[in-house]
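Peer 1: Sequence:
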Amino acid sequence: MAIQASDISLNTFGPWLSGFIDAEGSFGIYRNSGRYRCIFALELRQDDLDTLTLIQKYLDMGSVRSMPGRRGHPTAIWSVTHPLECHRLSNLLYHFPLRAKKRRDLRIWTKALKQPHAMPLLAQELHSIRPYTSDLALSLSRGPNFVQWLGGFIEGEGCFQIRKRTRRVSVAYPCDFTLRLRQDDQSILTEIIERTQIGYLLMQSQYRTSEPRVSWNITSKSDALKLIKILDSVSLLTKKAADYQLWREAVTIWQTNDGQKHSRANQFDWSAMAQLRDQLQQGRKFIAPT
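Start counting the sequence shown at 5; every next residue gets the next number (our numbering).
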């Protein structure tokens, strides 16, 4: 990854990290050898090890280690376990607050740090709020740095797509964006849409043992351009930054080529789009870090 810790200001990094933690982080209170302790962990695929190393070096906090894959590819974990470092992380997230449902977890976790004697009860409380609930109403916490927070949240949960659509003698490559969460996170996506004026919600019913889902979808040219305007103003720090750059280039081509016939006259344009689509798909394949 080209970006170094020294290249980023705290006012840029802090909100990005809070968004990324809202998407990927985990606050825990665990019992070990008869004693309770607070642990924070953020686990990614091992080929995103550079992202975790960047976070650890920037904050000078916690440790990064690789793990064998439990359900597929090997992973890497940034974990914060020392009580003093947990307090530092809690203080950082006080200044750059979480905005989604995970801020409930942080509130309980921070209380446990301050009241070690109450950890057994707080561990139960933290466990009790994790299951799916269909009637959760939660609003984003208002405040500055929303756009940078959204960049981190998108890097954790978002998906950039370039699809191929063929209709008789014509071909097109529409560019979509999707961010999918559990349906009890619907209020978060609703407020994102209200604040950005981009995209729409799509509900997905429960399938077998999975929870009902809800997604923020961007499928129109105009909305794709609006998202580009937002993301061009933030720092993307994970492997998904490469996905975004390919998607961004594809959106530019999509603007000028959508609806044209797939003929010899426009073969070059669609070939460029197809190449971007292939690059996007190839870039998502796991490559073990060297």
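Just so you know, not all the hints are guaranteed correct.
Below, computed lysine to aspartate or glutamate pairings styled on EDC-like, alpha-carbon distance capped at 20 Å [stated by the list, open to error]: (1) K225 with E215; (2) K225 with D180; (3) K289 with D52; (4) K243 with D189; (5) K289 with E89; (6) K230 with D282; (7) K233 with E195; (8) K105 with D236; (9) K230 with E215; (10) K118 with E89; (11) K233 with E215; (12) K230 with D188; (13) K230 with E198.
Label pairs and their calculated CB-CB ranges [claimed, not checked]: (14) K61 with H91: 13 to 21 Å; (15) D11 with Q208: 35 to 43 Å; (16) E129 with R69: 41 to 49 Å.
Everything labelled a hint here was simulated from the structure, so no lab data went into it.
Computed from a predicted structure; not experimentally measured.
Heads up, the beta-carbon is just placed ideally off N, CA and C, and yes, glycines get one too.
Peer 1: Hints first: check each against the structure and report whether it holds.
Peer 2: Results of checking the hints against the structure:
1. Of the supplied pair hints, the one linking K225 and E215 is violated, its CA atoms being roughly 31 Å apart against a limit of 20 Å.
2. Restraint check: the Cα-Cα separation between K225 and D180 comes to about 9 Å, which is no more than 20 Å; the hinted pair holds.
3. Annotation: proposed proximity of K289 to D52 holds, straight-line Cα distance about 12 Å (limit 20 Å).
4. With a CA separation close to 25 Å, the supplied pair K243 and D189 exceeds the 20 Å bound.
5. Our distance criterion of 20 Å between C-alpha atoms is broken by K289 and E89, whose separation comes to about 34 Å.
6. Straight-line distance between C-alpha atoms of K230 and D282 comes to about 24 Å, which puts the hinted pair past the 20 Å bound.
7. With a C-alpha separation of about 19 Å, the suggested pairing of K233 with E195 holds against the 20 Å cut-off.
8. About 26 Å separates the Cα atoms of K105 and D236, which puts this hinted pair outside 20 Å; it is violated.
9. This hinted pair does not check out: K230 and E215 have alpha carbons roughly 31 Å apart, beyond 20 Å.
10. A C-alpha spacing of about 13 Å is found between K118 and E89, which places the hinted pair at or below 20 Å, so the restraint holds.
11. For the hint pairing K233 with E215, the CA-to-CA distance comes to about 33 Å; that exceeds 20 Å, so the pair is violated.
12. For the proposed pair K230 and D188, the alpha carbon gap of about 26 Å is over 20 Å, so the pair is violated.
13. Using a Cα cut-off of 20 Å, the hinted pair K230 and E198 holds, with the two alpha carbons roughly 13 Å apart.
14. One distance hint, 13 to 21 Å for the beta-carbon pair K61 and H91, holds here, with the actual separation near 20 Å.
15. The supplied range of 35 to 43 Å is met by D11 and Q208, whose beta-carbon atoms lie about 39 Å from each other.
16. Distance hint check for E129 and R69: the Cβ-Cβ separation is about 29 Å, which falls outside the suggested range of 41 to 49 Å.
Of the numbered hints listed earlier, those contradicted by the structure are 1, 4, 5, 6, 8, 9, 11, 12, 16.
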